[in-house]
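> So you can see what is in the structure, the chains are spelled out below.
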Amino acid sequence: MLQNSWLIPLFPLLSFVLLLIFRKSKSEGTAWIGVLLTGLSLILSIGVWISVWQGDGIKVEGTWFEIGERAITMGYEVNPLNALMLVIVSLVSFLVHLYSKGYMHGDDRFPVFFAYLGLFSFAMLGLVLSPNLLQLYMFWELVGLGSFLLIGFYYFKPEAKAAAKKAFVMTRIGDVGLFIGMILLFWQVGSFEYDEIFASVRNGDISSGMLTLTALCIFVGAIGKSGQLPLHTWLPDAMEGPTPVSALIHAATMVAAGVYLVAAMYPLFQASETALTVVAVVGGVTAIFAASIGLMQKDIKRVLAYSTVSQLGYMMLALGASGYVAGIFHLTTHAFFKALLFLAAGSVIHAVHTQNIDEMGGLWKKLRLTGPLFLIGALAISGVPLLSGFFSKDEILASTYADGRYGLFWLAVVAAFMTAFYMFRLFFLVFTGKPRGDQRGVHESPSVMTLPMIVLGVLAIVAGYLNTTWFGTFLSDYLAGGPVELAHGDHHGPGWIPIVATAASLLGIGLAYLIYQKGTLSGDWVTRSLPGLSNVIYNKWYVDEGYDATFVKGTKGLSKLGVLFDKYIVDGLVAAVVSGVQGLSKVGSRLQNGQVQTYGTFAIFGIVILLLIVALTGGYFT
Amino acid sequence: MNTWLLSILILSPLLGVLVLLFTPSQDEKSIKWIGILGTLFPLGTALVTLSAFNKSGEGLQLAEKFQWVSYEVFQSNGDVSYPIFYEVGVNGLSMVLILLTTVVSVLAAIASYSIKKDWKSYFILFFLLEMGMIGVFASQNLFLFFIFFEITLIPMFFLIGRWGYLEKEKAAYSFLIYNGVGSAILLIAFVAMFMKTGTMNFEQLAYTFSLPQSELSDMNITKDFKMGMLIALLLAFAVKLPVAPLHSWMVKVHVQAPPPIVMLHSGILLKIGAYGLIVFGAGLFPDQFESLAFIIGLFGLINLLYGAFLALTQRDMKRVLAYSSVSHMGIVLIGLAALNEAGMTGAVFQVVSHGLISALLFFLVGVLYERGGSSQLKDFGGVAKRMPIFAGVLLAGGLASLGLPGMSGFISEFMAFLGLFETMPVLAAIGTLGLILTAVYVLRAVLAITFGTEKELSNAHDLSSTERIPAFILLAAILFIGIYPAWLSDMLRPTLDSILLGLGG
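Protein sequence lines, in the order shown, are assigned to chains A and B.
Residue numbers for the first sequence follow our numbering, beginning at 1 and rising by one.
Residue numbers for the second sequence follow our numbering, beginning at 1001 and rising by one.
In case anyone wonders, no lab produced these hints; they're calculated from the structure.
All figures in this text were calculated on a predicted structure; none of them were measured in a lab.
Watch out, some of these pointers could steer you wrong.
Keeping only pairs whose Cα atoms sit at most 20 angstroms apart, straight-line, the calculated DMTMM-like set for lysine to aspartate or glutamate is [unchecked claim]:
1. B:K1055 to A:D108
2. A:K26 to A:E159
3. A:K24 to B:E1203
4. A:K567 to B:D1316
5. B:K1065 to B:E1203
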């Protein structure tokens, strides 16, 4: 099974190629090509995962090309961490393919959409299987391409065009960090291989300053991809893409790649206390920052997008606080419940043809499956006990506390409260109360869409039992087989932590209930009492505007300045050269005046100069 | 047959000229067919040459050498004769560039379907240009190199000035003046080297200049002389590459010349600058080159960022691509400045990769002009609807240009930066800013054309089957190098190794 794991990414690649060939086909049966091939990837991934669970692993490599004496290799590797990722990615990809068959029904470019999904899945699975940083980087960029193409799928919409461009450029800023970090490590270690890098780190071959520098550079890459502060602005805009794309790429897989990168390079981060602190602080601040924006958004997908940013911040916080298992655990559970929430949101949008929650309401009775499934997702992300999010969030809080980062701990608790609040604000506004928009003809989505949601719903409930103190810490035992030394073991924080976490989430739900369901409290008391703050939050802390006023305007200004420089100074140089040549030629042509006396004078003048040279140099001037 | 192979290759474009001489000048269809077939013959010959070429072999291969002219100089200790040879040969580097030349020539000939007048003289000049380019890369002495170098200038001048766009004459003169000044400097440097050493052969020159200073003093060759020569050579080839601020002629040519000619110009002719820097700069004066490395790197950085910044706000697609070329040639310079195997390989990869990518992009600009009668970004929008294949290829070309992994642009950028980070990490770190800017300007320009609200075009139809041939071949070549770089790097290694040996690396 393991020897064939290289096939896992190739199935979706085949799907991409086939669907591009059939791109003009009007038949929506083309979707089955994608579904079938990602299904094969899923089966193989599960098989690989089972083998790894039994303690197997594999690493195969060959020379790609050589630079001098050094061979640059390519290959594939399976270890506990990436086997888990393989299953998550191929599962969500498979379910999203299936769901899209219903969601994209009637689209002009139906096969193209599935082709792009295939390209993305190929890149994401390839990224996960990479045994070295360079190969990871290559797939990392291709993943970005997949994301770009899918965000810009509705290419004729100006918003989609802008969002696709923004996503590519913002993540590229991060990618350059990864690029630099990777090259610096290469010159320290002499290789891009994870194993060799970790060996050098263990042996202390790299100075501590260099360790911190490279870890931070690599983390910049993770910041870009995972939408962390300050490079988060592309992720909410990425919601311009079709909703299944948001579920697959911008919730479950690609944005988690940043977290995966930090986890895959964990021994490097562990070697630098500074790097870990930066990871933890960026994660913690992002968690609460994005949650605060989520409180006031009106677009159902944007609320979920900010929620994703916030949850990714949680994962980073966990990794920074030495909670390796907690971070990956939350990555897993989040993939399921967030994909579920997005697909459910897609189902709602599919039914009411709007994304504005002010135009929804009272959909619980009309969407008999979507409603309860959305509720499961909301409960899971809020951290209500017994659902998956509860266990993984609890683990993160415990790790943060055990690591002595008390400030970040309380920040995370507040963020948990906010999460519960905005999720249930969303739930009540969408599913309860009276319809606020035209809801004629609203009906439940077809089973091809609800089926993937049901699967994810089940996983959103049970995935938490992968790692509990009640039944067993299966996940951390499993991950202990990987290259990362889990020095701290499990973080069993004080017993009051789960109680505080639960209280925070119930408080959030309760408050949302009182405001948006009961109407006991008025929703706008904050807006009224703190108009300044709420305005800032509503406008997403003006980050986009700030970047526009500084970086974008600055770059454009510099470019304009360059254009002027080029036009007047550099072209001026040209004009000078041209007029110089012309002037010279005028002098030359004036000499051709037919007067033998002038010619003779010049001839003698020339001979004198030649003789002088000969006399001075004493012969040949060799 | 191998003894004459290279000479046949160099002269092979003349067959097309010969046939054209007997073709009526009004017969457009036949002329264009002869144009394409006439470039296929050199391509075939180049492939035969490639198969005769031993990829792992070191030194010069398929060399030919005959005495051409000789003249006697009277000196006190007796007559000294200075023979001038016709000597050609190929190593890995020149083999690769000759192959690139012949491939791009075929595709440019296909793209010449858009030429509207005087087809006969157009193709005659086209073939002469191709011969010049092949000759430049095959020459093994200064004299021959210079002759072929000049041969490329003349057809190019007429091709721009006669078949170009509105301000074609101005562009042609600008081209001639700048390149003329460059050639003049080159000629002076070549003559001075010949006078001092008595040889024009590249290998002998490299050997002579590598002698210890005590022996060189007997020939009156001082360190300052070597440095002076190097600076002269760098200056001459900096015009050709071009290095900012000597780039304005090249922008004019990019904008005014007909697209197939720009494919050749941007794809091959600019690369003569890079080739010259490697063969004459690093190859003949390694020590001096090493001491100037930082300055070369600095100029590379300036090119990279200056080009990228200017490409950001251009309104004409051709100008975007012109400044993009300036920026990408910066990568060649920083790769060379790294003075190590990674950087040097990156520089040569960039030469090949940019040749393919810019040929592809300029081909597509030609198509765009054909469809909309303009290359202004504001005249286009939403092209992806009516011309999905065109839009897809344009996006792919753009992505290759911004260095997407899996395509040739990534390998060259990656290796050039890998090399520079070893020797000049700070310069390299600043240079990575260029990677971001490239993404911004490429996507801005490409998406302005293909995405967004659709704008009416006078003649919107997707790539025809004729147009798909160059587009797909170039794209395939870009992907091939991106996925399987070993094919190229293996061929280049012996040549680059010997240059690096001189650099003490």
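> Which hints, by number, does the structure contradict?
As far as the earlier hints go, 1, 2, 3 are violated by this structure, in ascending order.
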